[in-house]
Amino acid sequence: MITFDHVSVTYAGAPAPSLHDVTLEIPEGELVLVVGPTGSGKSTLLRTINGLVPHFSGGTLSGRVTVDGLDTARHRPRDLATVVGLVEQNPSVTFVTDVVEDEVAYGMETMGLDPTAIRRRVEETLDLFGLTPLRGRPLGTLSGGQQQRAAIAALFAAGPRVLVLDEPTSALDPVAAEEVLASLHRIVHDLGVTVVLAEHRLERVVHHADRVVLVDGGHSSELLDPAEAMLRSQIYPPVVGLSRLAGWAPTPLSIRDARRRASALRERLVEASSPSVPELRVVGPATALELSDLRVVRAGRIVIDELDLTLATGSVTTLMGRNGAGKSTLLGAIAAQHPVARGRVRLGASSVDPHAVAPRERVRVVGLVPQQPELLLYAETVAAECVTADADFGAQPGATATLLHRISGGIDPTQHPRDLSEGQRLELALAVILAGSPEVLLLDEPTRGLDYGAKHRLGEVLSALAEAGTTILLATHDVELAAEVADRVVILADGELVTDGPAREVLSASPAFAPQVTKVMLPQTWLTVAEVAEAIGRSA
Amino acid sequence: MQLRPRLLHPAAWWLWGLGLATAASRTTNPVVLLLVIGVCIVVVTERRDPATANPLWGFLVIGAVIIAFRVVMTILLGNGVHGETVLFTLPRVPLPEWASGIRLGGPVTLESLLYAVYDGLRLTAVLACLGAANALASPRRLLRYLPATLYDVGTAVVVGLTFAPQLVTDARAVRSARTLRGHQGTGVRETARLAVPVLETAFERSLGLAASMESRGYGRTVRASSRDRRLASGLALVGLLGVLGGLYGLLDASAGGALGLPLLAVGAALAAASLVVGASRERRSGHRRDRWRWPETVTATAGAVPAFVLVVGSVQSWEGIIATPSPGLPPLPLPVVAAVLLAAVPAWLTPRPREEHR
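First to last, the sequence lines map onto chains A and B.
Under my numbering, think of the first position of the first sequence as 1, with each following residue one higher.
Under my numbering, think of the first position of the second sequence as 1, with each following residue one higher.
Chain A with its partners taken away, still in its complex shape (with noise of 0.2 angstroms):
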């Protein structure tokens, strides 16, 4: 279906290629999994398949890519679109009309089909999809996740052979991303379509995966068996590090696979002692963050309703919950983003009213990374960026870079902060904010787009922080990353508050929340590999 002969690909002014050599055939009906750390390739690779790249983007494409026997070179992406659909990482942006329904109906509307079988794809689509009661709903209005949906419905509507995916589930909760992969796993198929996918959470989609494609420094494997591949892989999810740590052959990649081989290592860990006594970080008392009643408005409705929460200080606090829940908008709120409509917002050990207090002093109790980390960043360069932070901060000279330095693996102080990958932008968001000491740090989504290198890096950070005092509050869908450094676990739903507790409690208890290792060796609650090799390592 579609085939790579020898494909190499530089962008205009890069010192080396970004795909080097790349020799690949797909058949039809497969679905492809592309794994590769950030910036790896994985993003150039994906857009060759529908000619983006190179009509698009500009660059030397040197090789053959064709896709059902169209040669990308001859075709442009317009011509191609009934073959390939390509739904892009960031979905908002891509978004033609402004209805719901108008977008899944726009490409049959540039194909030319005809009215009767474009009412009636897009009635079935919006089914398929989960989208009927959104139907009429603006896009700008949707939640991330909705919009997701949205873009991927409306590529599927258009009826293409071949869909290309770049990171589909990053943005969305763990029931949404089931549901999306649901979705796609039926259209591989029921329909056969090909599809080709790139994702860092290799825990959700590993396991739906025919064949797949291991990507680093411009150069690519062949197909490879999923199995096979996660035993070479340098990223692999959580069940694969427990699978390499306890010797499991063939690597299990589901669940089910992995519990059938778990009963001998569960015996064994059961035997070793119960280390699974979460050792809590000693928390502090809870004052760092006293919510109270607390109502938030938006747009005329109502977000967040009759909500107490207090945070107790240097402790880590996930907030979980689905797309549209209304995390961002408490977060928000606490930073002083979005009026509060009634109740009582105090942080900080002097009880500061955030929304009483001019933006200067409020920097000092609490600092928010947006979503969208890119909102932060103004300067030229990243050095350039470090120097106005300073001066916005009022610290000392050096002290912005200096945290960079710490957070991250070393980022070039001469890029452009827009040529940084996301992970390496999160970054700089986080070390810009950290530069005013906020006592309490809130983070909306930081995981998005974040290899698990970045991912376990930033937890690291995160719990350095918490022990040095900062009491932190992430809003996430990422269970891994809350497993890893969250104390505390709170659920939210339709804007109310539905479960609070200890992480280690809510998230084995929880079947949409639990981590793959939870569900591997329950009943036994360990939430991370680390914990189980710790523990492992104590038995022997």
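These aren't lab readings, by the way, just hints derived from the structure by calculation.
It should be emphasised that the depicted structure is a prediction, and the values quoted were computed from it without experimental measurement.
It is possible that some hints are incorrect.
Beta-carbon label-pair distances, calculated as ranges [stated by the list, open to error]:
1. B:ALA272 - A:GLU380: 36 to 46 angstroms
2. A:ASP114 - B:ALA164: 27 to 37 angstroms
3. A:ARG360 - B:VAL238: 54 to 64 angstroms
Examples of chain A residues toward chain B, derived with CB under 7 angstroms [what the hints assert, rightly or not]:
4. PRO77
5. ILE187
6. VAL188
7. TYR378
8. THR381
For each residue, glycine too, the CB sits at the ideal point set by N, CA and C.
Start from chain A and add chain B according to the hints.
Just chain B now, with coordinates in the frame of chain A:
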């Protein structure tokens, strides 16, 4: 009367709005103009599309500003209308010889003020009609009915219409992000600092959108040669220009109605020709086109009647159509009042708009 809730065909609302605007542009009678504004408010309150913002109030505010501006300018500079009733006298500022045509200060008469108010009110009424049409059927929905040959032009306009509000949203997001870095986010220097990130975001968005449109088949030719497309597009553009010119001629009395009607007719004919040429060769299809049924006809007629009555009235110079700026209300021609009130009928005789989805 039980009608299934649906949105009325956007063209019907725009015909209604343009008809009422034509009527309003032909009179300076303040009572008639206020009636027109009232009719707009009533119809919008009853039948506006809940999925989009209501721009009517914005239009009315602009109208109020226009009236206030004209009144202030009249007080300061006069407007050439001389009257008997001097309200008060401003000290006159002597101007040099070469500016003798301009007067600054001096007596302010009731008549000149009334003239300014009536004239401003006329503009406000026209704006109210356009605002009402906007609120009842967003121009984007109307654009979907562009001839098939102009499909891509229509999409480009829709994208453009989306761009400006998004710029505002971006600016707001960047501004509130500024407060996260301890800045107030207000003031001239702050605004200048917002420009770069906002433009960067807008630029990235445009590139993303362009890539997405490209990969979704925007601009591809569907079973038509490029020559046919050019012919049809040319005809359609010239036709639309003709229609616009004709409408202008009809609306603006000074351009002469004589030119207006024929131009409108020729333009409409050309546009129709392009539709035929385009449709026969290009099979661009649309999803869920609203159909034209009797409520649409009622609505369009309700707009056409006042336009017709007032054009006839102004040509035959009925008393009270052009209000003389003198103290006391001008006479009210009954047929005119009846015709304007008739324009409010669509507030009840049309189906309710779709429910708001939440």
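Hints and how they fare:
no., hint, in the structure
1, B:ALA272 - A:GLU380: 36 to 46 angstroms, "violated, 55 angstroms"
2, A:ASP114 - B:ALA164: 27 to 37 angstroms, "holds, 35 angstroms"
3, A:ARG360 - B:VAL238: 54 to 64 angstroms, "holds, 60 angstroms"
4, PRO77, "holds, 5 angstroms"
5, ILE187, "violated, 18 angstroms"
6, VAL188, "violated, 20 angstroms"
7, TYR378, "holds, 5 angstroms"
8, THR381, "violated, 13 angstroms"
Hint compliance for this structure: hints 1, 5, 6 and 8 are not met, and every other hint is.
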